[in-house]
Each structure stands twice: as structure tokens, then as C-alpha cells.
Amino acid sequence: MAIELWSQTFVNGINIGALYALTAVGLSLTFGVMKILNVGHGEFLMLGGYLAYWLLTLFKVDPFLSLPLVFIALFFLGAIAYKLFFSVLSGYPEEQKVKNSLLVGFGLFLVIPQIARLLWTGDERGITPAYSGSSFPLLDVRIAYVPLGGVILAVIVIAALHLFLKKTYFGKAVRATSENWKGAKLTGINVDRTYLITFSLGTAIAGLGGVMVGLTQSISPDVGMEWTLKALIVLVLAGIGSIGGTLAAGLTLGILESVGAIFMGPYAVVLGLVIFLLILMFRPQGLFGKA
Amino acid sequence: MLQVENIDVRYSDLQVLWDISLEVNEGELVSLVGCNGAGKSTIVETIAGLVTPENGRIVFDGEQLNGTPAHRIVERGIVLIPEDRGIFPGMSVRENLELGAYTPASRKQSKDSFEFVYNLFPVLKERHNQTAGTLSGGEQQMVAIGRALMSKPRLLMCDEPSLGLAPIIVKSILKVIKQISDSGVSILLVEQNLKASLSISQRAYIIENGRVATDGESSCMLDDDSVVGAYLGTC
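Chains as they are written, first to last, in my numbering: chain P, 1 to 291; chain W, 1 to 235.
So that you can see chain P by itself, here it is in the shape it has in the complex (with noise of 0.2 angstroms):
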């Protein structure tokens, strides 16, 4: 028995970790560009969420099917969040930067999750397609359809955004811009639309990882925090900006967090903040992060 359990805990471990990863990377992405630290990243995660309930509740889109629509809505509804609230920001020193984007992520995580409640009431709600229990045998452990789909959907699009920073000509433009925003302009670059696009590709991104935190799990009005702070912790466990860093330190939160759960019970959520204090402690630019 001790065989099967350890191995089902390390696949629960991974699809969890999958997700947190997929959130981070968003997170890692925008912080790591444009040293803005958006903490009303999580409400972008929920609206995903939610959209993706409301396209099979009201018009029958199977969840996966929708993901593209969701990518693309809070691609827009992030551009939006940026030019209202964000870009303001772009022309202060980074020190400056950083405090004034926690504020104003901050009022977004106070007002999102009073919207969300208008438009959906408090109540949890799952996305539950017809396949959402199914598993298949694997060896000792059963794959759950869906937590799979989670994985392969984290890695792809971990994959897909680490060729598109190093192989494609914009991609390589929203690294310089982070390395170096004055040389970017310089060299033709258009910073603030580098800048609108990448914070819009963060929250896009987020919103897939809502998608699939309501399908494995719930979503409600008031779960955005949570998953920003999951996603802080593997930001800082991954250290920032590294994309391929991020899938490694998320999968590592989600196994250390459920193999965790064996021994400590609901405890275990408490490792995750143990491992944030030790990494900033003893190797404050991350596992995978440049000193």
C-alpha cells in the first residue's frame, strides 16, 4: 500500500504543481519585464475562471474549447487594466515602480472579487463537463483526465512563451525591454507597447490557469489571493523572470505540499510560506534566478 499511496501523492502533487506554475508564470513575466508586481493577478485567474463557467453553463463550450476564447478575453480585459491603472507607472523609477503597482494590484483585489460576487453571487462553482471524474489506470496510480489535461496545457504554454522570449524577434524585444528599457527605445523598440503586451499576455495567461483551477477545483469570488500567493511563493522559489524556473518550482510546491499533507494534514499549506522565508533567507534570487 505505502508504494500506491506515495505514487498517487506525487501525481496529485504534479497536477497541483501545474497549475501553480501556470500562474506563476504570468506573474514572473510581467514582474520580471516591467517590475510591476501585480497582486490582483489571482482576480484575473478567477474572471478566467468564471468566463469558462459561463461558456459551458450558458452556450455548452466544452472547457478546453473555450481556453483560447478565455486566452483572448482577458488578453483584452488585461490591456484594458493596463491602460487604466498601470501604465501611468511606466515613467517612474523602478523603486517607485514596484510600491505603486502593489497598490494599485491591491484596489484590484478589492474590487474584482465585489464584481465577480454581483455577477455570480458568493457560491463556489465547479466547471463540471461530463468527462470531469474520469481517470485511467496507470501502473499503481489512477491519471485523472482532467489534472492531466492541466499539466500538458502548463507546459505547453510554459514551453510555447520560453521559444517565443528567445526565438522570436518581439519576443527578444520584451527582453530587452526588461534588461534595458531606455537601450530598447533607442534601438526602435516601442517600449509602451511592449509593456501593454506583455502585461496583457500575464493576465491572459492567468486566466488559463482559471480555467483549470475550476475545473479541478471551484472557483469563487474570493479565491484570486490565494492563487497570487501560491504564485508568489513559486516566483520566489523560481526567481524572477525565469520562464523554464517557474514549471520546476511549481512542480516542486505541489509535491513538497502533498507529500507534506501525508504527515501534517491541512498543515501542509503551511510549507509553502516555510520554503518562501528559506529561499529569501539563504538564496534570495531564487533555485534558478541570476545572482
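Derived from the structure by calculation, the hints contain no laboratory data. Not one of these hints is a red herring.
Restricting the straight-line Cα-Cα distance to at most 25 angstroms, the calculated cross-link-like pairs of lysine to any residue (SDA-like) are:
| hint | chain 1 | residue 1 | chain 2 | residue 2 |
| --- | --- | --- | --- | --- |
| 1 | P | Lys60 | P | Val146 |
| 2 | W | Lys125 | P | Tyr169 |
| 3 | P | Lys83 | P | Arg175 |
| 4 | P | Lys182 | W | Asn55 |
| 5 | W | Lys125 | P | Asn180 |
| 6 | P | Lys97 | W | Leu14 |
| 7 | P | Lys182 | W | Ser110 |
| 8 | P | Lys167 | W | Arg127 |
| 9 | P | Lys182 | W | Ile173 |
| 10 | P | Lys83 | W | Thr52 |
| 11 | P | Lys182 | W | Arg10 |
| 12 | P | Lys167 | W | Glu95 |
| 13 | P | Lys182 | W | Val59 |
| 14 | P | Lys166 | W | Lys125 |
| 15 | P | Lys182 | W | Arg94 |
| 16 | P | Lys35 | W | Gly133 |
| 17 | P | Lys182 | W | Gly77 |
| 18 | P | Lys182 | W | Thr134 |
| 19 | W | Lys108 | P | Arg193 |
| 20 | P | Lys167 | W | Thr134 |
| 21 | P | Lys166 | W | Thr131 |
Residues from chain W shown here face chain P by an in silico Cβ test under 8 angstroms; the list is partial:
| hint | residue |
| --- | --- |
| 22 | Ala70 |
| 23 | His71 |
| 24 | Val74 |
| 25 | Glu75 |
| 26 | Pro82 |
| 27 | Glu95 |
| 28 | Glu98 |
| 29 | Leu99 |
| 30 | Gly100 |
| 31 | Tyr102 |
| 32 | Thr103 |
| 33 | Arg147 |
| 34 | Ser151 |
The C-beta atom is built at its ideal place from N, Cα and C for all residues, glycine as well.
Once you have looked at the hints, place chain W on chain P.
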């Protein structure tokens, strides 16, 4: 080609440029000389669109430039190598150069531009995969110049290209700038090193406390002991 007409620039309450007028003609190498803090960097940053002038006009090829954002000014063919070089330290030499040809027009010619830059600086070809931040100061300046050339500029502005470099490297950097000028690119060169910059330029403006103090032929200034005497050793 470039006319700067009576520009005033202020940083909030502090006015740093007063009624600056200057011009650069096609193919010319013009230097801006003057002491630290005289406002030379602000002049080129204003032309590059990083700073907006309060009054006055900047005209390039008969079109008004002020109010145009920096990235559009690059598309017009004016590129600035800033004092801190502005390179991307975490990216490879090749990627730095690639981004120099970011504007659509220059991207089409990037193959030729790469060849041109690698010919000018063979060491960059050898080190094309190296992270730019790990290069020596002189090599980083080569990356900065190379990146600027990738955009196929018609007017190249260099802000203190010799800053912090060993004398022998300064010599070779200035030689390269002369070479670029000979290839037909107009150059506006900011230098504290009065003698060196006067000796490679055709005309010069001396900037003092945010104003144009004198301007004229570089060779005349170099021969005029009163100019060299007044500005050499006082900075």
C-alpha cells in the same frame, strides 16, 4: 540635414538647455564639446526623443521631429549611442546586434548590416555567442556602435564613446567613428576629450552651462590657443 532651432529643455524646475541652435549637414562629422554637466548629453537625448524640449524646433530632412516618440525617430534614421552604451547585458552579442535592426526597413537589410558590422569589428564575430555583459568595456562599446549601425542610420549620435576606456582603445574607437563618417553617415559626436574630437571632426560647438558658447571649424578651433586654453583643463 538636421537643424536644431532655439530649443529650451527643463527637468521639472531646472532649466538645463537655453536657446540651443545647431545643425549637422549631410555627411558631416560635428562635435559637441564642453565640460561635464554642460548639457551635451541632454542635447543628443532631446534629438533622440528621450527628452521633450519646451520651446524650439528640431527639423530632420525638412520634417519636424519634436514630439515624435524615440522609437519612431530611429525609424527616421537617427540613432543615439547613449553614454552608458545602453546595451542588453544579459543577451548575446548576436542578439544585441539583431535588435539594432528592429525597425522594419533595417530588418530587411540585416544580413548586409551584420556583414558590415562584423567587418568593422571582427572580435564581435568571434564572440557572437558571448553574453554582452561579460565583454570588456571596449568590446561593449563596439557592441553599442555595431548595434546602432544595424539600424542603417543616416545620422549617428555618439555620447562620450571614449568614457571609461583605456587610451589605446579610445584611439581605435575614434578611428572607427571616423571610418563610419567616411562611409557617408553623418555624425554628431559628444566628447569631453577636446583635442581628440576636434581633430576628427569638421565643425564643433562648444557648450557651456546649457548654451552654445562658440561654434566653428574644428581645425580653426584646434589652432586657436584661446579656445583650447579656455576649455582644456578647466573641466
